[in-house]
Amino acid sequence: MSTLTDPPNEGFRLSMLINDTRYRSLTFQVIAAIVLALCIWYLGNNLIQNLRAAGLNISYTFLGDPAGYDINQRLVEYDSQSSHAKAALVGLLNTLLVAFLACITATVFGVVAGVLRLSNNWLVSKLMAVYVEIFRNIPVLIWIIIIFTIMTAVLPGPRAFRGDNATASMVLDAFAFTNRGIYVPMPWFENGLFASTAMNWLLVLGGFAGSWIAAHQINVWANAKQEATGVRPKTTAMILAAWLVPFLALMLIMGLTWEYPELKGFNFSGGIKVGGPLIALWFALSIYTGAFIAENVRAGIQAVSKGQTEAASALGLRPRRVMNLVVLPQALRVIIPPLISNFLNITKNSSLAIAVGYADITATLGGITLNQTGRAIECVLLLMLFYLTASLTISMVMNVYNASVKLKER
Amino acid sequence: MSDTHAHSIAFVRETEIPPAPPPAGETGPVKWLRENLFSNAVNSALTIAALLVIYLLLSKTLPWLLNGVWTTSSLAECREVLQGKTGACFSVLTERWNQLLYGFKYPSDQYWRPNLALVLLLFAIAPVLFFDLPRKLLAFTAVYPFLAFWLIWGGTILAPIVALVGFVAGAFVFQTYGKSSFAVGFFGAIAAAFAVWIIGGMLIPDGASDNAMLQAVPSRDLGGFMLNLMLGVTCVSLSLPLGIALALGRQSDMPLIKWICVVFIEFVRGVPLITLLFVASVMLAYFFPPESTVDLFLRVVIMITMFSAAYIAEVIRGGLAALPKGQYEAADSLGLDYPQAMRLIILPQALKISIPGIVNVAVGLFKDTTLVSVISMFDLVGMIRGPILASTEWNGVYWELLGFAALLFFVVCYGISQYSQWLERRLATDHR
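Chains as they are written, first to last, in our numbering: chain F, 1 to 410; chain Y, 1 to 432.
Chain F extracted, bound-state conformation (with noise of 0.2 Å):
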């Protein structure tokens, strides 16, 4: 009779760090630290050699500087005496600005294009594939430069506005389309409540959503006494009533008037001006982006199967509460991820924005800012970081809403 014994406990011999998978990814992971460490060290001191042989320091102070240049289209005080941290600033908001622009006009464009696509028109559909086919396949670039041209080579100088016989005339006395950009009618208030007109948009913004709630509150009470009693009230004109009211009631109050926008001498004053490089940018990333969008809108809604439209159908619901209830959760599910990356490619190629002379803030601060002050490593630095903290918080908001419209499984 045999007797099993343990395997005698051998001593620790060193090729058990590579053969003994207890301490192989110990060994692999030292290994690891020690070339990441050797080639932080590597570039390190290569950076600071390099840093010292130019004569150059990494410090920030150059931000408080006074910038020395002009930016036109700018949403905060901004003149050439302010420093660099706030030509900055501007181009931030800038970037902002053009990309949560293009994000909603981009979703508008690839839903409706997507949407066409299926359409049972065989013209309308083919001519969306069209529009996909030559959107996507078109560097972004070329397409921004292409509108940028549309807007300064084609569009008339104000100087065609100007005589009894003038080549060009404003849209219903109220937009101008030049080439130097197109102007609107500015809102403004004749007795606002405060005294800025920054708090006053601010109260409007405020009665908005006031109304979402109140909207939402009716909506509540609706459910609640539909599963009462079986009846929905009717609630459409409640519901138009808690928008529009308080919003008529405040431009009324405060006196809304419309400045239109005038030729004075050789330009337009008055009105808003939307330059031209906002413009190009703007409407070539939404575009762009709308031929993506429009490809994920299409897969979203084929990936609800025929079988859950006949479904609701033949349990009785009217096809409109069939879109709202079973088709639309269901295809967003599958729309919302790849609509966030896409916001994400908005907001990164909106540095390119470089390219048509757009203060965003790789012109501002990688752009003219470096140049002025040499400051290489730190602007670019600081570059990333902002672009890292967008993305980062949008891909953060977007993922919250996307776990609230997620199966839930078991």
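By construction, these hints were calculated from the structure, which means they are not laboratory data.
Which stretches of chain Y does chain F cover? Using the computed rule of at least three CB atoms under 8 Å from a CB of chain F, they are: (1) 42-55; (2) 288-294; (3) 360-371; (4) 399-407.
Idealized CB from N, CA, C, for every residue including glycine.
Knowing the structure of chain F, use the given hints to seat chain Y on it.
Using the frame of chain F, we list chain Y on its own:
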């Protein structure tokens, strides 16, 4: 009975009536039109709107295209020939053809070299793209990078040969020792390759490039669409292995390796390519040894490769995640170690799933190579916006040039995406 019947009915048809043709509205093109274009009021309105759009587009572009002038030497002459009619001035394309394709500095008597490299590229890439071709052709694919380097940059042939010998030595070491232990073979291969490169680098005489068979062309003289193609092909092929390594690293059980990969991938994906190109143009030089001169082309290749590797890694991670867990467990239970399991079981399946995504990244990357024009490299867009539009002869010829650039990119990118769709159908082995 039959008699009375015969009298009561005046006429009995004895032959079958030939079937009447269907109503005009239910056959042929009319039916198709009714079903597809005018099925209801909304559809009809859409059709009319679409027709209007098509008419507007064609009425603007067709006369412009058809009246195009191809043979003048400046925009002013074009306008003389056209005499106020609408028409394109395509002569800018014929006159500046070489500049658009090769940049304005590449020696003009050497254009056959990039041309030959492009033709050879088609042969080198064919066995990679089409699996049906004999596998032996891959040998040429392996030699191609060194051949193409020599053709385009010229100079001494010793440099690419040393590089090639280094790789061969590495492969040999891996073949010999990789069987018993992957790690030993792998690191041994790297060591052998570096040894060959260092020794070979010392053997190349200093002035070898001065009177070489092919005239040496510095990187800054490359330009035009050639530069876009070179950047695209180089960076995609370099970023594929790096992307696979990053994707595997991100899945690793070892926390340190996992976090290095996660930080790298998320960092690169979080910043725009332009900032990485800024790094290449103004910042990267600070991180190289003080006396070294790494040229801009190489720095840009490094940054774009890192950029696309991060995206490819995410695509491949999706492929790895899509594999059923049973595949990993089956590989383990067969007693395969990690490298074997990855090489033989996991990666072949995961890569197959990720091919469409990888092709998408490749198309996006190729389009993004136009961004190098922002850091004043003269690629196709850089040539158009820089030397050509700034010249006195062609100042103002926007549409012809931009349209040409758009067309070139469209042809290449559309071609690649069609290939990807073909490949997807080809690889779909599941039953539908």
